[in-house]
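Novice: Each chain, letter by letter, is given below.
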Amino acid sequence: MTPVKSILFLLTVAACGSLSLAQNQDFTIDDLPLPQGVPPEVGALEIIDDHLFLVLRRGDVFRKPLSKLEDSDGWVHFAEGLHNPLGAVALSKDKLVVSQMAELTEIEDLNGDGWADQYLSLTNEFGLTGNYHETNAMCSDGDGGFFIAMGTASHNGPIFQRIKGAYSPEGRRGRNFSAAQWNGWVMHYTNGELKPFASGFRQPNGIFLDSKNRLWAGDNEGDWRACSPLFLVERGNFHGHPASLVWDEKHGDAAQPTTYSVEKVDSLRTRPHIRIPYKDGIRSLAGIQEIPETFGAFAGQLVVADNNARRLGRVIPDRVKNQWQGAFVHLIEDERLNSGNNRLRFTPDGQRLLIGQTTRGWGKLAEGLQSVILSSESLFELDTLRLTEGGFRLRMTNNINFSALSGDSFRVRSFTYHDTWLYGGEPEDVRTETVASFEMEDELTILVKLQKLEAGRVYHLDLGEVFSISDQSVGNPHVFYTANQIP
Amino acid sequence: MNRTAYCFLQIIAVSTGISSAQLSYDNLPMGSKEEPLVLRTYVPDIGIPSEVFENHSEGLSTKQYRVRERKETDEEVPPIAGIPACIAVNYGAHLSFVWDTVECRLLYAWKGGFFDMSNYWGSPEKGNRVGFGYLPELVGSVTYRATGSWEAPSDRANAQPIFVGLRRDGPKMVFLWKSGSSSFETEIKPAEQPGQLVMAVNQTKPKVETVTLLSLQKEGWEQKKGSQGDGPHYLSPIQQVEITQTAEDPASLPVGVERGKLLYTRYGCNACHTLDGAKSHGPTFSGLSGSIRDFAGTTISADANYLAESITEPNAKIVPGYLANYMPKLPLESKDIDSLVLFIQQQAQ
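Protein chains in written order, with this note's numbering: chain B, 1 to 487; chain V, 1 to 349.
Be aware that a few hints might be false.
[What the hints assert, rightly or not] In silico BS3-like links for lysine-lysine, alpha-carbon gap of 27 Å or less: (1) Lys207(V) with Lys178(V); (2) Lys195(B) with Lys178(V); (3) Lys317(V) with Lys279(B); (4) Lys178(V) with Lys95(B).
These aren't lab readings, by the way, just hints derived from the structure by calculation.
Between the sequences and the hints, there should be enough to build the whole structure, so can you do that?
Specialist: Have a look at this one:
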């Protein structure tokens, strides 16, 4: 055990500016070939039985053996005719379930010739106004069913005269709206029925059930979203975007939920379990996956995609007072990455992370299929983070040069977010925190205590002055911890 | 009907894309008679009577929403003439049709082409490749358009039809659906005559030995009962439908605010630049013209030159807080740029 050292110091912290991108040599990044001539708009990826399904947003689905991942040939045109598909779960090499604009569809190649013959609608009992923003992400429920995360519509686009499903004039009001039934909800398809599961979403372009049976859904900055929130979704909860409440019998049209005050929404909602800053974290939160044991680090944590920047994020869940919350840090920011990171899948050996990319519709084109491999054996990153009484317990991936730690080594600030009907938001009530002490628990682990730790704030820890015993700096030093609860 | 009576109202183009049904950047996707192309997309409502949409809800006009004030204005935002959940099928220039998964019936058929998807897919030349016109435009001439409430088969229950799926069998499309406790299969394949198709509706549960054969007459559906094996019935076209291209071409307008306004929506500027001061991915146009732009110490007045440069060279000057390399360069001619500048200047008033 390293002797305990204790230092009291006060720091001023410059705001974390835009980070210049370079190449992170800890990772190997490869561009992977797509079928020749296709617009590389990857709506979804899925892997089963050593085959990769590639789902493109104009509606084509291709499949190839993973052994041919780097070959330009080997793609089989598996299916066509899907409307902006953004979710996929494979049931076998010949059967794929896809969420498209109007439907959850089970596609099957019945005769084994590689070309799908049958497109069964598992459910289409949700509305569609014709607006471009009502896209659907999906994941397995682990028990033969599926969760579908349904986007709201945007006032930047029109609706149609002919609406699929029930229409709500009250739900039509607002910046992002829920004029068609179940827009803004996470739905559960189980035993042949589609049931409402949780409400209050804006554009949940990523939903994932992890190995601990936790259901995560991200959302995108916008109205009622001051940053990019990540939620642990539980049945019956409302997640803060009020448009969807027109379809909740406890509210409905008559209650005019789109006019609810911020205070009323606050009283009803489940707050984000992880708040991810927009500029310094994730601009557009998309696909979510769990990092497998064999990736090389961070097993059991989540990797999340930024659909609008050359980076992937990492989420370290933490449990305080029986509530999940946790930390966000980048997994990789790298000039070699495209910026339209949308869907993620690990190869079965767990060592390679595939990224399907698209930005058609907004933003600069930054599309395709890439992969990330952790190739370093001497990674120096934040490994885990726990909130402790009065501070944080940080475990690094490599031994820390404790003697190099000085008064500047831990720069901490904290702030809050205020979610309102306005689009996005900046950190508010920003405070520079005073580090009261730090001590070494072992070669990998530091305990940092703050003079004051307060629930309901996001803590930004800058580890830019923490070094390994071989003098490496932290690859991704900016850590954001959402302290909804404190011990 | 005499085939010579057809009037080809509009034949825009035939796809020059790759022959495979695999979609490409070609905004005129086409299948062939042997290998049809199935495309699920938003489709235009070509003037189909309301009674056809008995299982749809009606989208209503709403008031323009001022996002910053959280208030509505008096300006009406009407719904547009689209249908959200159809399956479109193309057999090359020979035949296209649209089958609706909400009404579970054929909505329209045409020949001479399929869809021009530019409005929805955007064009590769447009930088961010996005269209804001939403609805694809029909290519070709319409040979059939649904009218009247669905009357056949008569034993279709009064319950709302529910789409079950699509089975593909070569050129034949089999649409599976149910209504109440009954299940049906609607088979459609191209007829020999261009623009015509063969359709039969079979009740599969409870199984009946008769096939409902549909024939289209001027006054609506005429229903016949036949035996299995009678073969399907040919649908006759009853009317030609004039398709009007409603989208106005900005190039047809003189330099001015109106042309700029049209370009503002046509190029999707509205996705990132609001007109009401609200925050978005790019600076709002409200009050932009003539304002002082602060570039970390250096200030510039947003005059016409600055606005024009920001349109033609989006990365030349990036106001702190916005992203470089975000706005695409657009294929604009000088009249377009002048018009956009005038439109932006108007937003300062």
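Novice: Hint by hint, note whether the structure agrees.
Specialist: To see whether the hints hold, each was checked on the structure:
Annotation: proposed proximity of Lys207(V) to Lys178(V) holds, straight-line Cα distance about 13 Å (limit 27 Å). Only pairs whose Cα atoms come within 27 Å are accepted, and Lys195(B) paired with Lys178(V) is accepted, the gap being roughly 20 Å. Restraint check: the Cα-Cα separation between Lys317(V) and Lys279(B) comes to about 19 Å, which is no more than 27 Å; the hinted pair holds. A C-alpha spacing of about 23 Å is found between Lys178(V) and Lys95(B), which places the hinted pair at or below 27 Å, so the restraint holds.
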